[in-house]
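**Q** Listed here are the chains, written in short residue letters.
Number of protein chains: 2
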Amino acid sequence: MDIHRMNEPKLSLVQVRDRIDSIDRQIQELISERANWAREVAKVKGEGLSAIDYYRPEREAHVLRMVVDRNSGPLSDAEMVRLFREIMSSCLAQEDPLKVGYLGPEGTFSEQAVRKHFGHAAYGLPLGSIEEVFQEVAAGHADFGVVPVENSGQGMIQVTLDMFLTSEARICGEVELRVHQCLLSQRDSVEGIKQVYGHAQSLQQCKTWLRVNLPDAECIAVHSNAEGARLARHADDAAAIAGATAAKVYGLKIIEQAIEDRADNTTRFLVIGRSLFPPSGNDRTSLLITVNDKPGALYEILSPFAKHGVSLNRIESRPAHTGKWQYAFFIDVSGHIDDVPLQAALKDMGPHAAQVRVLGAYPVALP
Amino acid sequence: MDIHRMNEPKLSLVQVRDRIDSIDRQIQELISERANWAREVAKVKGEGLSAIDYYRPEREAHVLRMVVDRNSGPLSDAEMVRLFREIMSSCLAQEDPLKVGYLGPEGTFSEQAVRKHFGHAAYGLPLGSIEEVFQEVAAGHADFGVVPVENSGQGMIQVTLDMFLTSEARICGEVELRVHQCLLSQRDSVEGIKQVYGHAQSLQQCKTWLRVNLPDAECIAVHSNAEGARLARHADDAAAIAGATAAKVYGLKIIEQAIEDRADNTTRFLVIGRSLFPPSGNDRTSLLITVNDKPGALYEILSPFAKHGVSLNRIESRPAHTGKWQYAFFIDVSGHIDDVPLQAALKDMGPHAAQVRVLGAYPVALP
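Those protein sequence lines, which keep their order, are chains A and B.
Mapping the first sequence onto the UniProt record's numbering, position 278 (from 1) lands on 278, and the numbers just tick up by one.
Mapping the second sequence onto the UniProt record's numbering, position 66 (from 1) lands on 66, and the numbers just tick up by one.
Source of the hints: derived by calculation from the structure; they are not laboratory data.
Check each hint, because a few of them may be wrong.
Treat identical chains as interchangeable: a pair holds within one or across any two.
As the list claims (entries may be wrong) - In silico PhoX-like pairs for lysine-lysine, Cα to Cα no more than 25 Å straight-line:
{"#": "1", "residue 1": "K248", "residue 2": "K116"}
{"#": "2", "residue 1": "K294", "residue 2": "K347"}
{"#": "3", "residue 1": "K248", "residue 2": "K43"}
{"#": "4", "residue 1": "K10", "residue 2": "K347"}
{"#": "5", "residue 1": "K347", "residue 2": "K307"}
{"#": "6", "residue 1": "K207", "residue 2": "K116"}
Excised from the complex, chain A in its bound form (with noise of 0.2 Å):
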């Protein structure tokens, strides 16, 4: 922003027009450009390629990390992103656009994730379960999958991790969404509400503030929490849980705020794909170890990440599919698995893990 011409003489109407018309004239040059070398480099890699033959998630991420760094505003980080995400996916989406499969139908949390991290350029797939994305990926009838992994407010998504026992995906990207539950209604208060609206999964994340602050109101569930917050909107003794979007756009109070059992209501998703990507510079790795089941095997699998410096951001252990008396980890650390010091604890773990399996490295979520 040049900030000299912010202190210029208040401009007319029309002339900041003309100076949005010639700043638009000089964005639309600039995106062609990129566009053209966006095919150039398509072109370095091969005539006839689909995208997914050039699609590098850690370039990607790499460029929206610079993208927050850079920016002063006043659009958001949040905001910016998601125009350099349009841009990208639009000059992706050039050749054969990426197909990337999902839980559907439309519409739903997933597929704001799916947009999230690969733009509206790219064609999203709607699919009947978690478990046919895998298959979708692993044929090849999608180049990426996007499935939920965890809930904040309710842990782990058992059917994906389980997933990951039987299939050969590679984690290529994680997406989190962040939603506040709020209770919303006509009313001020609680008092009176006999009926709250909600879409099952909302109700569930929110149990406990409702056992408590409403025991005798009836939970419905909805098709939404937008049909919901609808609901509310004309009846006088009912209130919903929707996020605070849901009140402006619906006309309600806010009676309660982050009633969610847990406070930070994140959904979080995976990317999936069939092959490993270079560290991007900020990255994850996932891990499935299998160990057998005997006195200090979790601890020998975990003291090699502790003596090497790397950090560790979840666990979580399953009976592994394999055979008898051995247990899964899906541990998450920080890092590439290319870097020096996870290969270091990787090699000291050795000896003492059944079976060690990459499941993915790369790029943590941006906001």
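Based on the hints, put chain B in the right spot on chain A.
**A** Positioned in the frame of chain A, the structure of chain B alone reads:
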């Protein structure tokens, strides 16, 4: 695009990425500058305003038409317009974003129309019926509404037209979504196809083709065309009706293209608001003209348009709710209501019409 750069000796991938980084830096600076100017415009109009107070549909249409005129590739006009729509959407949403009501739920065609016209930074407000969209706009709960008005396969959507008979809503824009229906299947031909899946509306649009070419197949209505394509993919004796994109996405063969009963299968939406906007340079005007039922009434209404060289785009008659033996004509003409020829035509018509209401004057839909 600086064409000379493309003729330089081949650059390495690292060099190309450096160029792209430098382009991105410039794009970001320009977008931030644009957003600052947008704030200036808001300030000129007054403090504490919402986006609705300085949203100018005629200005947006003008900007996007310039984008199309300037575009020399490699991105398509539609992609470039999409990116500028999103940039404008972000700049506008710095204050309270626009709230746009539409016929829900999320994920439908109507939502696509909202996003095509207002971008993703606006708040979408899924509602339960077309009537409710009109009511919410009238009550000021929504700044604008998007309602389907015409499907080229099935003609005008009567419930929308009828709402204009009693509502004060003004038309502020139109959006067109073009969809060609295809028959998709695992099979190479219609032979052996026993079921056809599709959304009820899509099945309806292709009724004639289905009756002629697949008279014995069972038509099964499903939640969405995507759902139908998904089902057809796993069946040996089924087909689905969906767009050509779905064939790519779901790996199905296109047995036949453009099977809708009318080949130009476009759904047209109207953007409704509470006020009239100035001309954008390429506009359409919608009129509601009520006449007493006497011989020659329609002729007397239409001849002034011909006399003053105003093109009629559409005409649709409805029994008026205002009085017995009256008819209402919905008439779309080329040009803005402020244009001299249109004003002259209305003046000439004056004595012959029981009532003339300007439903709206708005930019013609972009491609």
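**Q** Now tell me, hint by hint, if it's right for this structure.
**A** Against the structure, the hints:
For a Cα distance limit of 25 Å, the shortest separation of K248 from K116 qualifies both inside one copy, at 22 Å, and across copies, at 22 Å. For the homomeric pair K294 and K347, the shortest alpha-carbon distance inside one copy (20 Å) is at most 25 Å, but the shortest distance between copies (95 Å) is not. Only between protomers do K248 and K43 lie at most 25 Å apart by alpha-carbon distance; the minimum there is 23 Å, versus 48 Å within a single protomer. Proximity of K10 to K347 under the C-alpha cut-off of 25 Å is found in neither arrangement, the shortest distances being 66 Å within a copy and 41 Å between copies.
For the homomeric pair K347 and K307, the shortest alpha-carbon distance inside one copy (12 Å) is at most 25 Å, but the shortest distance between copies (89 Å) is not. For a Cα distance limit of 25 Å, the shortest separation of K207 from K116 qualifies neither inside one copy, at 28 Å, nor across copies, at 38 Å.
Violated hints, in rising order: 4, 6; the structure is consistent with all others.
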